[in-house]
Amino acid sequence: MAGILVYSEDHIVAQQLLTIGRSLADLRKELLVAVTLMEENAAHLITRGADKVIVLEGKGVYSESYSKAIAEVANKENPTMFLIGGTLRGKEVAAKIAARLNVGLVNSALSIKVIDGNLETERIMYGGLAVCTEILAPASIVTIEPRTYDAAQSNPSRTGKTEKITVEVEEVVTVGNVCPIIKQGADITTAEKLICVGRGLAKQEDMKLAQDLAGKLGAEIGCTRSVAEDYHWLPNEAYIGLSGQKVKPQLYISMGVSGQVQHTAGIRDSKIIVAIDTNENAPIFAAADYGIVGDLYDIVPVLTEKIVK
Amino acid sequence: MANIIACYKWVLDEQDIKITAGSLALDTGRAKSKISEYDKNAIEEAVLQAEKCDATVTSLTFGNSKAKQSLKDALSRGPAKAYWVNDAAADIADGFVTANVLTAAMKKIGEYDVILFGEGSADTYGQQVGPRVATLLGIPIITFVSEITITGNRVTATRKIGDCSEVVTAEFPVAITVLPEINKPRIPSLKQVLGAAKKPSTEFSMDDLGLAADAITPKNKVKSIKGFVMNRKNIIYKDGTPEEKVNALIASLTKEGAL
Numbered sequence: 001m002a003g004i005l006v007y008s009e010d011h012i013v014a015q016q017l018l019t020i021g022r023s024l025a026d027l028r029k030e031l032l033v034a035v036t037l038m039e040e041n042a043a044h045l046i047t048r049g050a051d052k053v054i055v056l057e058g059k060g061v062y063s064e065s066y067s068k069a070i071a072e073v074a075n076k077e078n079p080t081m082f083l084i085g086g087t088l089r090g091k092e093v094a095a096k097i098a099a100r101l102n103v104g105l106v107n108s109a110l111s112i113k114v115i116d117g118n119l120e121t122e123r124i125m126y127g128g129l130a131v132c133t134e135i136l137a138p139a140s141i142v143t144i145e146p147r148t149y150d151a152a153q154s155n156p157s158r159t160g161k162t163e164k165i166t167v168e169v170e171e172v173v174t175v176g177n178v179c180p181i182i183k184q185g186a187d188i189t190t191a192e193k194l195i196c197v198g199r200g201l202a203k204q205e206d207m208k209l210a211q212d213l214a215g216k217l218g219a220e221i222g223c224t225r226s227v228a229e230d231y232h233w234l235p236n237e238a239y240i241g242l243s244g245q246k247v248k249p250q251l252y253i254s255m256g257v258s259g260q261v262q263h264t265a266g267i268r269d270s271k272i273i274v275a276i277d278t279n280e281n282a283p284i285f286a287a288a289d290y291g292i293v294g295d296l297y298d299i300v301p302v303l304t305e306k307i308v309k
Numbered sequence: 001m002a003n004i005i006a007c008y009k010w011v012l013d014e015q016d017i018k019i020t021a022g023s024l025a026l027d028t029g030r031a032k033s034k035i036s037e038y039d040k041n042a043i044e045e046a047v048l049q050a051e052k053c054d055a056t057v058t059s060l061t062f063g064n065s066k067a068k069q070s071l072k073d074a075l076s077r078g079p080a081k082a083y084w085v086n087d088a089a090a091d092i093a094d095g096f097v098t099a100n101v102l103t104a105a106m107k108k109i110g111e112y113d114v115i116l117f118g119e120g121s122a123d124t125y126g127q128q129v130g131p132r133v134a135t136l137l138g139i140p141i142i143t144f145v146s147e148i149t150i151t152g153n154r155v156t157a158t159r160k161i162g163d164c165s166e167v168v169t170a171e172f173p174v175a176i177t178v179l180p181e182i183n184k185p186r187i188p189s190l191k192q193v194l195g196a197a198k199k200p201s202t203e204f205s206m207d208d209l210g211l212a213a214d215a216i217t218p219k220n221k222v223k224s225i226k227g228f229v230m231n232r233k234n235i236i237y238k239d240g241t242p243e244e245k246v247n248a249l250i251a252s253l254t255k256e257g258a259l
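Going down the list, the protein sequences come from chains F and Y. First residue of the first sequence: 1, per my numbering; consecutive thereafter. First residue of the second sequence: 1, per my numbering; consecutive thereafter.
Hints listed in this document are in silico derivations from the structure and should not be mistaken for laboratory results. You may find that some hints are simply not true.
[To be verified] Simulated crosslink set (DSSO-like; lysine-lysine; CA at most 30 Å straight-line): (1) Y:K72 x F:K271; (2) F:K271 x Y:K255; (3) F:K203 x Y:K184; (4) F:K248 x Y:K233; (5) F:K208 x F:K161; (6) F:K193 x Y:K255; (7) F:K203 x F:K68; (8) F:K248 x Y:K191; (9) F:K271 x Y:K32; (10) Y:K107 x Y:K18; (11) Y:K72 x F:K306; (12) F:K306 x Y:K238; (13) Y:K221 x F:K76; (14) F:K248 x Y:K72; (15) F:K248 x Y:K238; (16) F:K76 x F:K193; (17) Y:K72 x Y:K238; (18) F:K271 x F:K193; (19) F:K216 x Y:K238; (20) Y:K191 x Y:K238; (21) F:K161 x F:K248.
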């Protein structure tokens with residue numbers, strides 16, 4: 001067992017993996033080995049915690065086409081655990097590697113702990129209703145979503161070795177027409193304050209209520225899934241929930257959101273949750289720090305007026 | 001004629017699951033089952049694609065004996081026939097086991113040009129079965145797809161992956177995982193529901209698939225599944241005028257330093 005392996009095609013996420021990877025490697029007195037597709041990141045991965053970096057040099061620019069090559073490295077290194085950045089590209093690669101190596105895969109782990117000498121992960125089930133704790137078999141793959149951990153601190157005096165391997169990439173699909181998704185609003189995943197609009201809002205013109213409050217608070221606006229997918233009042237990337245954006249603002253205020261578990265799973269890392277809804281029994285109140293039971297059409301304008309900019 | 005297979009999972013409806021106070025154990029006693037929401041998108045897309053090109057749609061599931069009820073629901077959504085791997089191993093199956101079983105079933109069915117999956121299941125949301133099956137079958141996988149066009153034996157799919165979209169093409173056979181936004185699954189009409197009863201379905205046992213014991217043994221050990229508790233203050237203002245309630249809220253938020 002060589003230790004703990006980490007990989008992400010996204011260098012920012014790779015540095016976050018080094019945080020948890022380093023602490024687990026120290027606890028278990030194992031090596032931390034980082035795999036990267038970009039040689040220029042190798043030194044950086046070492047100063048941020050990796051004992052060794054393996055650089056894969058191939059002719060492809062499509063990170064998903066390196067699954068087989070990464071699986072071969074993992075097979076050779078035989079790690080106790082392989083941490084992969086839980087971006088969508090990362091999850092595809094993780095599943096393909098897991099299938100090649102016949103190992104378990106835990107996607108989107110919330111935490112990884114060492115308990116009684118075993119590695120244990122926690123992850124969400126049933127759309128946010130439950131947490132599943134699993135004891136990992138050796139060589140399991142675990143993906144960790146971006147921003148689950150802070151980036152590892154750099155220590156310029158750290159040293160480690162770099163190994164370069166020339167690999168072949170798979171060419172089973174052709175990729176073209178790559179375009180950035182132009183965000184129509186600001187990035188709600190990094191917003192400090194967030195207003196969330198739900199189906200309690202009767203019509204699109206009433207979005208102004210949210211906009212006025214957001215303007216006064218300096219907040220961004222997100223929404224529930226149906227507001228984006230069924231009503232198209234906001235773009236798809238503005239919906240918050242387990243299958244949408246996961247947000248962690250200092251202040252989250254919902255208006256007219258009932259609070260199905262799929263939604264509350266996306267807001268649970270918020271510092272303070274405020275709910276405004278007419279239905280006293282709406283599940284959002286159980287997930288809230290503060291709530292007002294009342295018609296958002298009565299409450300929100302008063303709130304907007306009274307907040308001191 | 002092309003063969004499209006849509007895979008789905010028969011899951012407990014999470015809306016019916018209660019959390020037992022104290023132990024936080026899940027009470028599934030009153031939970032009804034359903035086709036996992038994301039998989040309804042996969043079935044719908046298979047049927048929509050088949051309407052555009054000359055294709056036959058087949059559904060495939062792996063479940064325990066109760067999953068038999070799912071066949072009629074699946075068929076009422078448009079597939080011409082249904083396959084079902086019936087084994088209690090499904091109750092504790094992880095992505096590794098499910099992928100092994102579905103792959104073996106695919107090989108037994110024999111004909112597949114396009115295989116569709118939801119991006120994850122509504123219960124475990126493991127997000128891995130599609131790419132695992134594709135890898136085991138040695139065929140390309142295109143994940144997180146919001147749009148599909150089939151021309152001849154070529155599939156062109158638009159992926160949405162966080163901050164960018166990209167168009168990926170591959171030739172038959174190909175596996176695809178779809179995003180919920182790809183379509184709006186139909187609500188089957190009475191005629192479709194009645195018609196489903198006349199469509200053929202085939203049951204496989206685990207013995208039919210010839211899988212070794214370790215191929216149907218989950219990799220990781222589930223230690224516990226417990227209700228998630230949000231530890232929140234739950235201070236709710238419900239009495240008084242809007243003004244009074246807002247004042248109370250602002251006072252609280254000011255104290256928290258949140259404004």
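We went through each hint and held it up to the structure:
Between K72 (chain Y) and K271 (chain F) the alpha-carbon distance is near 46 Å, which puts this suggested pair outside the 30 Å criterion. Our distance criterion of 30 Å between C-alpha atoms is met by K271 (chain F) and K255 (chain Y), whose separation comes to about 14 Å. The straight-line distance between the Cα atoms of K203 (chain F) and K184 (chain Y) is roughly 21 Å, inside the 30 Å bound, and the hint therefore holds. Taking the CA atoms of K248 (chain F) and K233 (chain Y), the gap is near 17 Å; set against the 30 Å cutoff, the hint holds.
For a cut-off of 30 Å, the pair hint linking K208 (chain F) to K161 (chain F) is broken: about 57 Å separates their Cα positions. A distance of roughly 16 Å separates the Cα atoms of K193 (chain F) and K255 (chain Y); the hinted pair therefore holds under the 30 Å criterion. Only pairs whose Cα atoms come within 30 Å are accepted, and K203 (chain F) paired with K68 (chain F) is rejected, the gap being roughly 50 Å. With a C-alpha separation of about 47 Å, the suggested pairing of K248 (chain F) with K191 (chain Y) is violated against the 30 Å cut-off.
This hinted pair does not check out: K271 (chain F) and K32 (chain Y) have alpha carbons roughly 35 Å apart, beyond 30 Å. Taken as a hint, the K107 (chain Y) and K18 (chain Y) pair is broken in the structure, with Cα atoms around 39 Å apart against an allowance of 30 Å. For the given pair, K72 (chain Y) sits about 56 Å from K306 (chain F) by alpha-carbon distance, which is inconsistent with the 30 Å threshold. At roughly 18 Å between alpha-carbon atoms, K306 (chain F) and K238 (chain Y) fall within 30 Å of each other, so this suggested pair holds.
A C-alpha spacing of about 25 Å is found between K221 (chain Y) and K76 (chain F), which places the hinted pair at or below 30 Å, so the restraint holds. A distance of roughly 42 Å separates the Cα atoms of K248 (chain F) and K72 (chain Y); the hinted pair therefore is violated under the 30 Å criterion. For the hint linking K248 (chain F) to K238 (chain Y), the alpha-carbon distance of about 26 Å falls within 30 Å, and the restraint holds. For a cut-off of 30 Å, the pair hint linking K76 (chain F) to K193 (chain F) is broken: about 46 Å separates their Cα positions.
Taking the CA atoms of K72 (chain Y) and K238 (chain Y), the gap is about 46 Å. The hint is violated against a cut of 30 Å. For the hint pairing K271 (chain F) with K193 (chain F), the CA-to-CA distance comes to about 10 Å; that is within 30 Å, so the pair holds. Using a Cα cut-off of 30 Å, the hinted pair K216 (chain F) and K238 (chain Y) holds, with the two alpha carbons roughly 24 Å apart. Proposed proximity of K191 (chain Y) and K238 (chain Y) is contradicted: the alpha carbons are some 48 Å apart, above 30 Å.
Simply put, K161 (chain F) and K248 (chain F) have alpha-carbon atoms about 37 Å apart, too far for the 30 Å limit, and the pair is violated.
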